[in-house]
Amino acid sequence: MLAFSHRLMHWGSAADARAPAPRISLAFAAADPAFEKAYFPHAFLPMPSLDLRVALLAGQVLKNSSNEHVLTTRTRVSLFYRLFGTMAEVFDRDYCNEKRQVNQMFHLKLPRMSTTVNVPLEVKEESAEEGLTALLDGL
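Numbers given in my numbering equal positions in the sequence shown, counted from 1, plus 1290.
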């Protein structure tokens, strides 16, 4: 059993080499409003929309990014910030401010990508879904 924080626990183990199927693991989160306010209104529960779940995932990547090597370029930071921003109006104001600060911090910390005169400065606008798919394909 692993406890990544007071809010997320994960149970699982390595699969036996002779196992006929992959291992099974279980993760669950717990929250107490007396300890920490909710990131979004309870009206969206028990099953938030896919858009809201993707935005929350992006927000949590921004929040916990210091533990992982996911946000390694400004492009990735921008992708996750844009994914979060698609539903930002739903989230708690303090949670949104925290994401804005993390976005700014990473943009100051990470180097700019160099360009040459032969490279057009046009950027193809992609949907959040296309960007997430491309990011996951690259991992």
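By construction, these hints were calculated from the structure, which means they are not laboratory data. Do not rely on the hints blindly, as some may be mistaken.
Claimed, not checked - List time: in silico DMTMM-like cross-link candidates among lysine to aspartate or glutamate, alpha-carbon distance up to 20 angstroms: (1) Lys-1327 to Asp-1306; (2) Lys-1353 to Asp-1341; (3) Lys-1353 to Asp-1306; (4) Lys-1353 to Asp-1384; (5) Lys-1399 to Glu-1388.
For a quick check of understanding: which of the numbered hints are violated here, in increasing order? Violated hints (numbers, rising): 1 and 3; every other hint is consistent with the structure.
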